[in-house]
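J.: Below are the chains, spelled out letter by letter.
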Amino acid sequence: MKSVLEVENVTRSFAVRGQDGKPKTVQALRGVTLAVGANESVGIAGESGCGKSTLAKIMLGLDTPTSGEVRLDGAVLSGGSTRAFAREVQPIFQDPLGSLNPRRTVEQNVRLPLDAMRIGTARERAVRALDLMSKVGLPERYRHTYPSQLSGGQAQRVAIARALTPQPRVLVCDEPTSALDTSVQAQILNLLLAMRPETGISLVFITHDLIVLERMCERVVVMYLGEVVETGPTADVLAAPRHPYTRMLWRSSLTPEPGADLPPAEPGNAITPDPANIPSGCAFRTRCRHATDLCAAEAPAPRRFGNVTVACHYAAA
Amino acid sequence: MSQPLSMSGVSIDLKLTAGRFAVVRDVDLSVGAGEIVCLVGESGSGKTITALAAMRLLPRVARMRSASVVIDGTETRDMSDKAFGALLGDRVSIVFQNPMSSLNPVLTIGEQLCEAYLTHKRGSRAEAEARAIDLLERVGVSAAADRMRQYPHQLSGGLRQRVMIALAFMCEPALVIGDEPTTALDVTMQAQTLRLLKDLARDTGIGLLLITHDLGVVSRMADRVVVMYAGRVVEEGTCDEIFAHPIHPYTRGLVDCAPAHATSGGFLSIPGEVPALSANPVGCDFRNRCPSARADCHREPPMRQESTRRWRCVMDRETAQAAPTPARAALEAEG
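Chains as they are written, first to last, in my numbering: chain R, 1 to 317; chain W, 1 to 335.
Hints may contain errors.
Label pairs and their in silico Cβ distance ranges [stated by the list, open to error]: (1) R:Q149 to W:G157: 42 to 52 Å; (2) R:R71 to W:S142: 42 to 52 Å; (3) W:A83 to R:R103: 41 to 51 Å.
Rather than coming from a laboratory, the hints here were simulated on the basis of the structure. The beta-carbon is built from N, C-alpha and C at its ideal position, and this holds for glycine as well.
The shape of chain W in the complex, shown without the other chains (with noise of 0.2 Å):
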């Protein structure tokens, strides 16, 4: 089986009236068969635009610097646009933070399911109908025959981000995308939702590349974590190494910043600000907020590499684990 994504070498700028910006740089991700992976950041990290570049669903102000994006084993960066969208909803879907913005509100939840299906497969409307039931009742979709002939409007917020996680798996796609998919959802339905989405994946070998700000979501998903910050990965590993042994100084003062880890001094932040957008930035993105700069952290610091992990710092992991934390070091600044 071919891995459902492989993107290397990605880079992004956005040409603005102000300038061109670099907003992601030299980015490698992969999603594997039947894997969760979760792309982290805080806002303006680059985690979404490089998903949307993966679909070729970049705004027009944005130019993607040839990079190989392979889809599903077929290398898409030749392919012309028509015959790219033979693979979109085919082969890779993407469900959306707003579900209201990506259903049609003129047309039936059976309809738009149906379309999907009758789009890119050979198959009979029964077949297509027969499926899409069968969808919407694995994501908890009660009385989904009927639920089939109503409009998106409707549906409750939940019940339309479930049709769009029906809709994103009604091709089988080797991969599915989800944007911040449950973030505007209360919390007993992101929880709810996300036990769906989960068991889908693990049922389906279908590739997850799940999109969040959210620790609390990503601890309970991701079998491998991706790291952002600035427009580049700053370090990757599994779950646990991510949360139980970060090594760069931004994962280490993220994982700290989840209110669950909240001292009696407060909870913790990272001070400072994110660098703003330039053409060409030139070190280390973190260097202005990380207690452990220093001075050849103006130089493009190095990805290193250990089995599974990577992360771009001058510091070996020994080194980086054994320094204090943004959050921490701030704290004992205060005294």
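Chain R on its own, in the form it takes in the complex (with noise of 0.2 Å):
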């Protein structure tokens, strides 16, 4: 499959302060390479502080990395291009309120990037928006309305037309359903899987929740303290995790089954580590019930196992 989208062994740092003054080093993404094709889905899953939306950032252009390259259709990304990479890449984002424009009306809203990138003339702009708000399922008679008069089921449709509006060829969502209740959000995944065939678009999905990762995309990268750990056609990595931390991932995973119990207490505080001091040899020895010397000493390479992809020295086929 050809890629559209590829991440080659990006890094990102950031210089902070810490609790006691004493500057130090972030390193968010610590050389992560993933590609997206044509018309794929792919999910990018793990928890607070693993990179996720660093790497979501650099995806979009919105940032850039410490070092190695993000390449659209082997164009490589850089300071110059950065307008036109922001037609082909659109971001939607979790908080659906809060990336509107509330002084715009939705009609306005969802026009904005055919304004600010000048595509089309006015009345073209109009006719798209309107096109986009019906497929999104917005009625007509919301055109004039304001943000802040919409639930945030509808505000998130409004973004998902806005990002649509430029045709893009990759949509970059962050967490797009987490803010919202269950059958408004089962809503919006639909509306995302339905306009898959229609547009051929390829989807790069952020997510905590492996279970509507599970449902959305062909194939999932999981991620650990800004490194991917595990990663593969969904179907092959949830049917049998290899990554001890993909396996809690799962495990922790909580679908409704009465009578089903909680997963077992993990050791210790089961406390992600300080992005600032992450620990020598395979990041994740901390929280791993399995973890030997060779962990704290040597850094796991990526292994193969067929299609999966998985960095842990004990991954067994």
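Need the complex rebuilt from these two chains, each delivered in its own frame; the hints are there to steer you.
T.: Okay, structure coming up:
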């Protein structure tokens, strides 16, 4: 499959001040490589601090990697190409109301990318905006409504319509439904699924919810402390997760099963280490019940098992 | 042993510039000793404000009409705020979603835990500290004695929430209310924290009222489930009854909506939206989204009862359970 969007060996570090006032470096991304194919849906899973949102910003051209590169159709993203890049890669954020301009009407919000990139005539922009509003299930009567008058689900529909106006190749969705109620979440996820065959668009779906990811994405990338720990076809990875962190995440995903128990207690406080002070060797070893001296001494190199790649010393076929 | 919580006939109005709105209507809710009751509903269903009313923590714009709220065997309807204040934190306590807004940033963890105890119990500082350390250890905070000297900002979000849970159990209350206590946590931390909360409630016999929108959480925590929609209780039953044999069309729709129940046709959802607030709503609030709606749904639906179950619907159990669920009716309509 031909890749549309590629991220190669990207690192990103931030200079911060610690609690003691001393400067230190947070390594948000530590050599991440991934590729998004045409019309493919790739899920990125991990907990807070794993670097998934930093990666989203870099994929959107909103942040610059410390090293490594981002490519669109093989062309490297550089400072001069951000406008063209923005047309092809569009965002959907978690907080739908916060991501809309409160002083613009629904229609103005939806056509904003077209106006900003000066695509088409004013009439064409209006036609396209109305067309997309109807595609995402917003009747024409919402044209002149302001975002504050919308429900969370409606606002997220506006954000989706807006992202689609410049006909992008890739949508980067950062936790697009975590702020929504369950019944509304289902409507928004269905909308994202429905437009894939129609537009041929690729999805990058960032979430902490593996149950949603399982249904939304063909491929999954599991991240821990700025690194990819396991990646492969979603069905293969979730049928038998090989990395202990993927297993922990999957066990903690609570599907509605009356009578089912909660997962067993994890060792220690099960706390993600400070990203400014990443453990030696395998970063996950401080939370891993199988960790040995080898895990502290040596970082595990990614290994392939069929279609799945895992970074764990003890991963087995 | 008396029942930790028994509320009946609770109605709450919001007085806003746009007018008066009924946000909670005629809610009955009880929690038994050692029982975990989950109060379920989507945003705006009135679940949080019902719990706040039990604790007299309603915002100024809200008014509760005279209702009976019995906490640990004591009727609080005619109690002065001062007398009620003595119950708060002692017989009943609450864990909110965001621990940072409940912990005092300028007091150490130890000072806050001990203060709660010393305010309500006759005991020495040393006893308070021993109990605090014991509780911190039970909620999985390692190096508890060292943590006692730390300030909230020095702890991660997951640890802070565990401190909040320890704080809620400090005075051995009869009732602990958790308002989405794990929603802001990462999934692994959520599962761990729920386990601690469940074990603690089981070990101590304290009643737990857990407010949540997450059915995955409900299915693994609840003994009993109370479902709210648009300010009313629409169904109540044991955990197994609600998930395996829901009766009310809204409950049946909600169970369908869980992402784990997605079909090859996509995620199941309830079409339509929650009705807007109004001053005096009449009839079934769910009728505009219900595939089984009929003419008499414009009248007030009866609350039906069968042993542990109750549901507010014109349909009896057999008719309701034979009807298509909202999500499946919508799928069929689309073809």
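J.: Is 42 to 52 Å a correct range for the gap between the Cβ atoms of R:Q149 and W:G157?
T.: violated (33 Å)
J.: Between R:R71 and W:S142, is the Cβ distance one that fits in 42 to 52 Å?
T.: holds (45 Å)
J.: Is the hinted range of 41 to 51 Å satisfied by the C-beta distance from W:A83 to R:R103?
T.: holds (49 Å)
The structure fails to meet hint 1 from the earlier list, while all remaining hints are met.
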